[in-house]
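Q: Fit the two chains together into the complex; they arrive one by one in their own frames, and the hints show the way.
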Amino acid sequence: MAEVEHVALLARLQLTDAEKEDYSRQLSDILAHADRLRELDLEDVAPTAHAAPLFNVWREDEPGRPMERDKALANAPEREDGFFKVPRIV
Amino acid sequence: MRLSDCSLAELGRLIRSREVSAAELTEHYLERIERIDPKVRAYISVLEAEARRKAAEADRILAAGGGAGPLTGIPAALKDNICLEGAATTCASRMLENFYPPYSATAAEKLLRAGAVVLGKLNMDEFAMGSSTEHSAFFPTHNPWDTDRVPGGSSGGAAAAVAAGLAPYAIGSDTGGSIRQPASFCGVVGMKPTYGAVSRYGLVAFASSLDQIGPLTRTVADNALVLEAIAGYDPRDSTSVPDAPAGYAHGLENGVRGLKIGLPKEFFTSGLAPGVEKAVRDSVRRLEALGAETGECSLPHMDYALAAYYLIATAECSSNLARYDGVRYGLRAPARDMIGMFRASRSAGFGPEVKRRVMLGTYVLSSGYYDAYYLRAQKVRTLIREDYERVFAEYDVILSPTAPTAAYRLGEISDPLTMYMGDIYTIPVNLAGLPGISLPAGLTDGLPVGVQLIGRHFEEALLYRAAYALEQSGVFTARPALAEAE
Numbered sequence: 001m002a003e004v005e006h007v008a009l010l011a012r013l014q015l016t017d018a019e020k021e022d023y024s025r026q027l028s029d030i031l032a033h034a035d036r037l038r039e040l041d042l043e044d045v046a047p048t049a050h051a052a053p054l055f056n057v058w059r060e061d062e063p064g065r066p067m068e069r070d071k072a073l074a075n076a077p078e079r080e081d082g083f084f085k086v087p088r089i090v
Numbered sequence: 001m002r003l004s005d006c007s008l009a010e011l012g013r014l015i016r017s018r019e020v021s022a023a024e025l026t027e028h029y030l031e032r033i034e035r036i037d038p039k040v041r042a043y044i045s046v047l048e049a050e051a052r053r054k055a056a057e058a059d060r061i062l063a064a065g066g067g068a069g070p071l072t073g074i075p076a077a078l079k080d081n082i083c084l085e086g087a088a089t090t091c092a093s094r095m096l097e098n099f100y101p102p103y104s105a106t107a108a109e110k111l112l113r114a115g116a117v118v119l120g121k122l123n124m125d126e127f128a129m130g131s132s133t134e135h136s137a138f139f140p141t142h143n144p145w146d147t148d149r150v151p152g153g154s155s156g157g158a159a160a161a162v163a164a165g166l167a168p169y170a171i172g173s174d175t176g177g178s179i180r181q182p183a184s185f186c187g188v189v190g191m192k193p194t195y196g197a198v199s200r201y202g203l204v205a206f207a208s209s210l211d212q213i214g215p216l217t218r219t220v221a222d223n224a225l226v227l228e229a230i231a232g233y234d235p236r237d238s239t240s241v242p243d244a245p246a247g248y249a250h251g252l253e254n255g256v257r258g259l260k261i262g263l264p265k266e267f268f269t270s271g272l273a274p275g276v277e278k279a280v281r282d283s284v285r286r287l288e289a290l291g292a293e294t295g296e297c298s299l300p301h302m303d304y305a306l307a308a309y310y311l312i313a314t315a316e317c318s319s320n321l322a323r324y325d326g327v328r329y330g331l332r333a334p335a336r337d338m339i340g341m342f343r344a345s346r347s348a349g350f351g352p353e354v355k356r357r358v359m360l361g362t363y364v365l366s367s368g369y370y371d372a373y374y375l376r377a378q379k380v381r382t383l384i385r386e387d388y389e390r391v392f393a394e395y396d397v398i399l400s401p402t403a404p405t406a407a408y409r410l411g412e413i414s415d416p417l418t419m420y421m422g423d424i425y426t427i428p429v430n431l432a433g434l435p436g437i438s439l440p441a442g443l444t445d446g447l448p449v450g451v452q453l454i455g456r457h458f459e460e461a462l463l464y465r466a467a468y469a470l471e472q473s474g475v476f477t478a479r480p481a482l483a484e485a486e
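Protein chains in written order, with the numbering used here: chain A, 1 to 90; chain B, 1 to 486.
Hints listed in this document are in silico derivations from the structure and should not be mistaken for laboratory results.
Virtual Cβ for every residue (Gly too), placed ideally from N, Cα, C.
Do not rely on the hints blindly, as some may be mistaken.
[What the hints assert, rightly or not] Examples of chain A residues lying across from chain B (beta carbon under 8 Å, computed): (1) M1; (2) L54; (3) A74.
Next up, chain B with everything else stripped away, as it sits in the complex (with noise of 0.2 Å):
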């Protein structure tokens, strides 16, 4: 078997015994990033030196004995939104090109303290605004399965970097579906936390009251593994949950008897592609058969949900963004007075889709129209948040698709609401600060298709139980052929 098919607890026992040195593990990795990459354009940045130097640390750390963790001498890599000090974080914008930010992000602190080697950093849309890394403001990303197709979006390049084999796991961010929808497109598994059980410290921000960082992996057992490693309360993310229950790989293996599973039926309508829903109703089979009890439910808001979260998302988007200023750091334009000069940086740094979602958050936040928007939305996000409640009442988790469809090619959706749409079943995920897991669940014409489970808040143990089950089942185990190239 090669390292970079093996799991996490693989890499770990063959790193502990010493039967692989961190170093080889990293220079395995560095080389396929330098023969593969090419084609995928997964990382912004590779940090090569850094990441020998840690790999170096991890190797003197096993062969003193004892200190090492699950994680030790195993390279990981960063979505580029996630701050990691001394390496260039730019939010795959020109107006963060060159910031090298003064601190690390907690989750990234985290996975070095737990002796991570860190790879890289990895491509997004812009500022982790879009659904295609198209948005990027340096280059697309392309699809491990079909180099003419988009990873999805946001956290294009993470899904596509572990998809590939250029990571072992990655680490990525979900503002309304970021993390499991290009999962769904890449085939890997993507879990977006409970809203406050992974400090966003550190996190450049969008939409803070729907941001969160969360792993991807290969499998569900790996994702579990990191989510243990990144999470906790944080006094410096004031959102930061204390108390949360720890242990999410806990029961792991405990299977799907008797649990009691939901199909929203407004996920199941006309807009879903025939050959995702044949892979999603053949997961609830499966499921079935290995004793869960599925029902369909209903979630009678989800209609308005895309057009609630719009409104927050680029309200918060606007306010968060103000910061970018040509004062502090961040791209500055020439201009002769200060105003000009704000407007001059903001309009050469920002991308298309950027400016776009912050005229629109300028705008529903402006005097006259806060009450008809941005105060209607969230008294909309009151009305999702109580759906799942009354469902989560009669179910334990709640089953959909992630996405209506597999990847697109690049180029396909140019209309910036159709591309919005694709995240229908992601979104009230996020409006309701639930978690939720997208793993791969078959394939249509050759591309991944993710199923997603919705658990309760911190029920995060259930799903990954559940995912478990589904993927012990042997419902996927393809691999893209450009990932076994040698």
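Next comes chain A alone, as it looks inside the complex (with noise of 0.2 Å):
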């Protein structure tokens, strides 16, 4: 339970004590499930990342067009004078 509850706070979520219960047993089974990769011999496997053949996607370094400020602030749940408002942090 204090590890769903430290889970949960690295994750930002805020979770009832139904919800830590919950999760605390079904979580206990999925990763029981995940168990049985230990039976695989993999000391000499290279791990897949994804499976398509690319690597080191590269582009000109040259200056774009930024979306326009009032666009990209426009789905904001709060702003003022053209930034994202936020709590007071310090």
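A: Spelled out as structure tokens, the structure:
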């Protein structure tokens, strides 16, 4: 349970007691299923990050046209003077 | 023949010969949506005004002559995780309920430029996480074949809309089966293209190394036509593959004589429902009768695919969904400090399945567990990819069921792991980045059954050819009663 609370903090979630109980049980079940991966000898196997044969995708370092500020801010829950507004940090 | 029964090629011919106007076709579909969708609930939003405006624009282009392509003036619908500028893109989540994207996804933009008329945005499992569309934060979608049953998911709205004749075609996304499994449950054709074939720019990210956009259609030829329109290199997606072969409909009618089809023994085991196995075996016999050579093959690491997938997909999900912090867009819940605001906003905005996956993904990436889970899963991913490579040295196409069962009842499956098990035949295809198509292969107790064809990277044209041959053999001609209602 303490572990679920720790992970919830890392995930920036605030769980109810009922959610903590549910997730604690369900995640244990899923991880128990995942434990079957331990049966395999993976010593000499390289990991696959994704399946497309693409490496080092570059482009010319040329400035493009950024999105207009108003458009970028249009979905902001709160804004002020052309900036995103957030609760006090310091 | 009613307009809603026409293939895209037929609709295109009617439109370009001006026998039917884009406006008339659009009204036909808007009327059907108004009448039939209350029973199906495929749409989250219907864009009547914008659709009428686009249809009028298409009619002007057609009247002027020239400039009309195969999709000009034909309606379409988009899964609600594909950004469309000016239209709410909710991902079926409270988090994005009021999100209006400032740009359109490349796939949507390509369709608009091709003259498509977007009818609306389609229901899905929240953030594409689920297999039944019951995880939509707004309402579940119902299977047009039996409205007490799920349409599959996560592109459940897309599959149901096409099956019920509420859109001539739809665009979905597939991370572990989210196009193919609902296509199977609803009796339509769904293609998950090769990873990198269709730009993911503007597709709201779930698991970036697995997500891929693809079409859901009534016929195989329609599907190839739509894929041709949305595929192609896009510099705005760094995983978009340059120089991918075009011509997805090339050789469509060339048949399957001499084609080598592998049947993986791991996909025909005890978990498979008898009615599904019967329909799939019937497809195999049909392809054999058409001259294909079939044989049993083996993908020995399939038992590990589900576990590897749920570690990789949730890890990527937890990282991708970190962006929903209540600062730049999405729901914000009030709180006194910053961390409190993040936690309150995310807890109010995400539904139970999304939270579950964010929790699991955060756990497997957290300090001390990375090697044990995430890295191990990535290594297993290599073994799965190599399994396919070995089979494809001997066979051209792999055939399997799309899902172990037909559509189940709404509320029937509540345990997450049991629901995840329903994706065992589709998930390994995403892990290997291969193309996979599901097409209807028959009915079991009045419900559609899908058969899946899997190919080598960028061999979609070969999959379409085999699927077309099977379709033309008359394997499936039924329509749901609900789609026939006048």
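Q: With reference to the structure, classify each hint as holding or not holding.
A: Against the structure, the hints come out as follows:
1. M1: Where the cut-off is 8 Å and the nearest Cβ of chain B is about 13 Å from M1 (chain A), the hint is violated.
2. L54: holds, 6 Å
3. A74: Given a least distance of 6 Å, the restraint on A74 (chain A) holds.
The structure shown violates just one earlier hint, number 1.
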